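There are 2 protein chains.
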Amino acid sequence: MNFDKITKRIRPKEGERDNALKLFNHIKTYILESFGKESIIVGSVAKDTFLKEDMDLDIFVFFDPSLPKELLEREGLRIGKSTFNHFGSSYKIAYAEHPYVSGDIEGLPVEIVPCYKVASGRHIRSAVDRTPFHLEYVMEHLNDSQRDDVRLLKKFLKAQKLYGADSRANGFSGYLCELLIIKYNSFANLLAHAIQWERGVIIDMNGNGKGFEDPLVVVDPVDPTRNVASAVSLSTFSRFIEAARTVSETKDVRMFSGPRPGYQPVDAGTFVVIIFDIDVIEEVFYAQARKFVEHVVKECGDNGFTLFRHGVFSKGVMLDIEIGQLPEKEKHRGPPVEKYAHAEKFKQKHPDVFVEQDVLYTIRERKYVSIDDLINDIIVSQRGLGSSLKRASIRILKDQEAVNAIEKEIIFF
Amino acid sequence: MNFDKITKRIRPKEGERDNALKLFNHIKTYILESFGKESIIVGSVAKDTFLKEDMDLDIFVFFDPSLPKELLEREGLRIGKSTFNHFGSSYKIAYAEHPYVSGDIEGLPVEIVPCYKVASGRHIRSAVDRTPFHLEYVMEHLNDSQRDDVRLLKKFLKAQKLYGADSRANGFSGYLCELLIIKYNSFANLLAHAIQWERGVIIDMNGNGKGFEDPLVVVDPVDPTRNVASAVSLSTFSRFIEAARTVSETKDVRMFSGPRPGYQPVDAGTFVVIIFDIDVIEEVFYAQARKFVEHVVKECGDNGFTLFRHGVFSKGVMLDIEIGQLPEKEKHRGPPVEKYAHAEKFKQKHPDVFVEQDVLYTIRERKYVSIDDLINDIIVSQRGLGSSLKRASIRILKDQEAVNAIEKEIIFF
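Protein chains in written order, with the working numbering: chain A, 1 to 413; chain B, 1001 to 1413.
Think of the hints as simulated: they come from the structure by calculation, not from any bench.
It should be emphasised that the depicted structure is a prediction, and the values quoted were computed from it without experimental measurement.
One should not assume that every hint holds.
To be verified - Partial list, computed: chain B residues near chain A (C-beta under 8 Å): (1) Leu1234; (2) Pro1327; (3) Ile1363; (4) Ile1394.
Glycine included, each C-beta is placed from N, C-alpha and C at the ideal position.
All chains should be modelled from the sequences, with the hints used to inform the complete structure.
Structure, rendered in structure tokens:
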């Protein structure tokens, strides 16, 4: 398969990166002159692995490791705010392991993040301290043609909704993409290997990591105690393999476009969308939405309902239901007859029992005859809802109304 | 619990057995004088363990073990037919391991069966040769009060539809009942033990049987290679335990009456009765009906339908259906993604696949949306039908019509 056409489409325009680096230099100079602090640009712009018109400046300001965390956070915020003010831009405070400042400067998204300047990736005091070493490693090992392959991989993963080591995609980080291309030399060769992957693949370029149990293990070359692919869930891992096979077989360039919004429910089923109206950061929202939808799926299974598919999107969850209506009575399995004490307890609860093979059964009223009743009950009693979703105002939409509500949404499965 | 009232009800009237033995003596004399053959009466009349007004004369005619089987069969039939003719009765030929003659003489059911006179239960040439030794063992070990306990046990098992080592009940033979009372001394003591039974109970009164793997093992004291309880299925075994517990707890004398005919379907389900119109001996009919209903239950499960209960009766099978209607589409599970070859094969068959966890799925048209379609298809293509049922003319009844059709039938589960 020839990826040249796609590469051309996603490679940044001449000068795009230079302009960004020029802006970074202005910021760097301001921070040095005003606060006496060194700073660097990290991330995909620094590594030249960003997709066309998809730049952001991740600026790390270095602090001495002897500085207490509270002071690092306070100083980091002071420098960040002051920088945005200096360039006449608004900003907001974002929260990762510690707070940082983000906003737009001259039309480019900029983040200003404080970090400790440590001796190596093994001596970090906070997760971000590792980032400068990642940058260093990638700059040393990635050549120019491989940069295009990283771009291809990122574009492919984005289209497949597998990009991002966050609770939205449970997927591949940018750094993971870079390491995979370093390991396999090219996107094409990565595909050739990935189609044969089985759970437990271990990529350990320096040969000193161990004890990881994730579906995909890529030992961080700058810190062997860390699996760079730890965010990749079993589903993401399997979907990547499946997508790699499909693109290898079909050579379909549409697998690099998208992700396409909306979802077309299976006809003849029932389609439900639950919308949580609340102001909360994306990472928290997706994490709680995922937890909630998995909880609903589990209760559906426990009560005899079945689903075609389920997913999360930026405002809630969707459920495409196969069997959503059941008879009023159900056959309820009890303990084996030979477990005397259990059998007696079951009979006390259910006076009418019968035996099949070695097991007691009874016929009982079904708790939920319709999946609507179940979903309402889950929501009313707040089962499976994280603390943020508990505060949300909740709407339940069905069938065509539900389809319409998500027609512009990207659904993550 | 005091069983005296029930014992009184089921114990034969004064003179009932004497009259039967008198008739047997006439028959015995006729066979000896006309054919020079010895004969004995075996079975529950001989052992005095029969229920009131429930007698039959099982007459065994002895032959020398040197006689070839074909001659034994021919001579046996000749003697049998001639005996019925002599007493002015009609007869028919029945078939067990070999053919025999049965009919009514002076109002009593009589069977005349040829057997070899062998040295011991271990030297038998045909299953019936063991019977005289069973008779001998029971006469030696059972006392008069225990005879009433055998009757109680038989009556209890009959009411619970667990009596008979045939394909109708998959249950307890008369000889098994006698051995259980010999082992446990009384019906009450048998119940006290049975409520605690677990699969694999071994009752080996002479301590020389082994290698049996049935739920209940009662080693034949006259032939240690044989499990007297081999016909007792796991369901029958478990139902007996369950019934023993219930009668012990409730002391309900109604547990000795019946079996009650008919079946009341669970409301809100679908009820189906399939009637096979054919003339075939009972043992074959029940065996094939059981095999068929189990086959239907399996196909129902494979296709997403669920059942409350199912059973067989003298003319067919019944299905009490919980979920008999399903959506037109179904979620179909494929192989794990990491099994490359299997996954590729699945995708060739199903172009639209998706991944959950590590497994491929597709949405496909359901083969059977209604259980009616499935049942019709099973019958049209004769799946699960034994050779006799294949020749039957078949009717399918539903709901009230189905309930009416079996209101006088005893259902065996």
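Tested hints:
The beta carbon of Leu1234(B) is positioned within 8 Å of a beta carbon in chain A (closest approach about 5 Å), and the interface hint is therefore held. Contact between Pro1327(B) and chain A, as hinted, is supported at the beta carbon level, the nearest pair being about 5 Å apart and thus within 8 Å. Using the Cβ-Cβ criterion of 8 Å, the hint placing Ile1363(B) at the interface with chain A is satisfied: the shortest such distance is roughly 5 Å. Evaluation of the Ile1394(B) hint against chain A yields a violated restraint, the C-beta minimum of about 25 Å exceeding 8 Å.
Comparing the model with each earlier hint shows a violation of hint 4 alone; every other hint is respected.
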